[in-house]
Amino acid sequence: MKEQTEIIEQGNVEEKKKAKYDFKYIANKFGALFGLIILSITLAILSPSFLKIDNLMNIARQSSINALLSIGMLLPILTAGIDLSVGSILAFSIVVTGVVTVMWGMPPVLGIFVCLLVGALAGLLNGLLLTKLRLPHPFISTLGTMNVFRGLALIITGATPIFGFAYVINFTGQANVGFIPVSFILVIVISIIFHIFLTRTATGRYIYAIGGNKEAARLSGIPVDRVLIKVYTLSGLMAGLGGLVLIGRTNAASPIAGLTYELDAIAAVIIGGASFFGGVGTVWGTLIGAMIIAVLRNGLNLLGTSTDIQTVVIGTVIILAVYVDVLRRRSKN
Amino acid sequence: MILELKNISKSFSGVQVLHDINMEVKLGEVHVLLGENGAGKSTIIKIITGAYEKDVGELIWKGLPIEVTKPSDSIDAGIGTIYQELNLIPELSIMENIFLGHEKKTGSKISLLDRTTMKKEAKVLMERLGQNVNPDELVQNLGVGQQQLVEIAKALSLNCELIIMDEPTSSLSEREAEQLLLTIERLREQGMTIIYISHRLEEIKRISDRITILRDGHKIKTVETKSTSIDEMISLMVGRSLDNKFPKIDFKKGKEILSVKNLKLTEDSPQINFTAYQGEILGISGLVGAGRTELARAIFGADPIVSGEVYIEKEKQNIRHPIDAIKAGLAFITEDRKEEGLFLDQSLIFNKTIAMLNKVKKNGLIHPKSQRKVADKYVKDLSIRPNNVNLLTRYLSGGNQQKVVIAKWLFTDARVFIFDEPTRGIDVGAKVEVYNLMNYLIENGAGVIVISSELPEILGISDRILVMSEGKITADLSRNEADQEVIMKAATGG
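Protein chains in written order, with my numbering: chain E, 1 to 333; chain V, 1 to 494.
Everything labelled a hint here was simulated from the structure, so no lab data went into it.
The C-beta atom is built at its ideal place from N, Cα and C for all residues, glycine as well.
It cannot be assumed that every hint is accurate.
[Said to hold, decoys possible] Simulated coverage check for chain E against chain V, where a stretch passes if three residues somewhere in it have a Cβ under 8 Å from a Cβ of chain V: (1) 57-63; (2) 212-224.
[Unchecked claim] Far from chain E, some chain V residues (derived; all Cβ distances over 12 Å): (3) L86; (4) L88; (5) N132; (6) N141; (7) K314; (8) V432; (9) D463.
Whenever a hint applies, use it, and build me the whole structure from the sequences.
Laid out in structure tokens, this is it:
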């Protein structure tokens, strides 16, 4: 027994040594952050305007919608699920907000509330479809609602955008505090809330448990269905919140807004190190994933690259990020 | 000498699990690797098969050094492996499974599958193992025992010269295990070399030629099976002599703690009635498939029931879901810890507290420090090794994983513990620790129900034994009344 303890103590010492000196160890632990830093340094060298405050705030603003959607998307992915409907929910929430405030004259403050509520309710529907109808996989239920909500958004607007929102509604997406965009502050606050939610509340831990082993979770007395319903509701809520930011940025609510946003969100979550098979992933990783995408887009813009090429680069980055993760896992074994 | 291991060492994230292992496997022998969970048996096997890479050392295959860095290297060299988990495709036939990945083709230009030849060879291979089967039979229609033989046939079809079997009998019924042991004896007569891992000492004594004993990642000794005894095997393995394989404390029958009345699992299944008392270990014996696990799952609310009542301390419970069961004070240590018990990609702390997070909260939030404190305490109390609470449970050995599962349930303050095959696949030392834990539980007034397919175990630890057959309870025996014969008779419905 004593021998055993010695071995383990020795192990701990070795681990500490590793933490200090081993570049590979650090790179492993902060993989995505490393990627972001290296990317930023490269861009700073290639383009002198990259590090200017204006440009950095631009990135912060551009990344905020995807960051919000990604943090929402992280939850279903942690449970080994997916939410394909967030782009459509975003569009649906903003056009409903447009209808009730711009057309019906509802007070703008209530409009904000409506935007979030519609998102959350749409998400709730996803959760109910998954757990009550026992559809085999959320890929299917959210693929369905993705089409349904997009269609509804087009129907209620007659396929034309709604303009002319009040400043109160535009505030989140438009305003700055000093030189920092409000939307970016919102992202940071939401990240902190979700981080605490995922690491320090029972529901948060249950999300990891369900993604790690659904049957063991059920047998451990975890209310699996209730947790899944919360997960999809929150994902919908974040789509509503992303929508609110989008209204502010464009001063419009278009029924075709948010097309393919779900894919950017999935990309951010995966680049941020979450496992597609559930149970592994963090808010900070996801946030960095969203930043990497925004920095890449911004940098390629500064370098005068066409959007077509940007798409190719981002696709490549997704594959690279997952490959790095695969390598990391392999070296662990 | 067909295989030699020279100075093999291996460590995982800084913890050394193998220390300078040297061993030799002779051509045509059955060589057993024996050791407690975590002793390093599986690690050695995985290094031989290429699932892990060794840190230092050398493998010598038929006199020449060989580099094995991936599983296909060992397969190409002629080493076949039968894992605990079967790697067959249920929807395919015996023949298709045997030749999966190395199908026989007709002609050279148009390469169609040569089903006639494959069928013939599959039949011959299965006959070599004493099986007269139709090669077109789907694997899903076979029992676990026969499926294992298909795995062996697959290895033989690759012309392997060494077969490694990692605890092949642990998931088999007594009869299937017997069939496998006969097959191993047959293969040895045919000149095959076999490396065999098992915790069942009687079967090791029966089939092996030599035994290499490992402890804490060190090789202790290689002994001739003929010149050793089961007692010596145990003492070499645990480093001390284990006087009592089944520690038993005095039984004082207390109050009724769990009572099951008229429980029907399906429309046409028989009604089940039984009562468990404080202070006793109630064993449930029976053949595999007698309905014991189904009964436990029904009581725990894991599967729906048709009718019936469950009482805990004479209070009627309405259990529809495991949540209700946990609230009522039930704990269910499932048969399959990896599939139903553990969160493998999470730490010990996570696994330990997930079923009762309310107890580690402070101001409404989970408090990492208290979480860590309870985890530390249980690691110490249950001597879980290695004693690193942040280690993912994936990296723990079977016995230690089982202790983590038990720790999870101890933390829920349950009053009735149902253990389903609690010692499957774990070593003698860890088994005794599990039994001691059960004793601790009954001493503290909990009810303990143990489902086990191992007769010596059920006879050794139970105060009272229920025997099930075809979904019915066919006998209720006191410790004094029970012996192997009586139980087997009740279990087979005689």
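Taking the hints in turn, this is what the structure says about them:
| no. | hint | in the structure |
| --- | --- | --- |
| 1 | 57-63 | violated (count 0) |
| 2 | 212-224 | holds (count 11) |
| 3 | L86 | holds, 19 Å |
| 4 | L88 | holds, 22 Å |
| 5 | N132 | holds, 38 Å |
| 6 | N141 | holds, 25 Å |
| 7 | K314 | holds, 23 Å |
| 8 | V432 | holds, 15 Å |
| 9 | D463 | holds, 27 Å |
Going through the hint list in order, the structure does not satisfy hint 1, though it satisfies all others.
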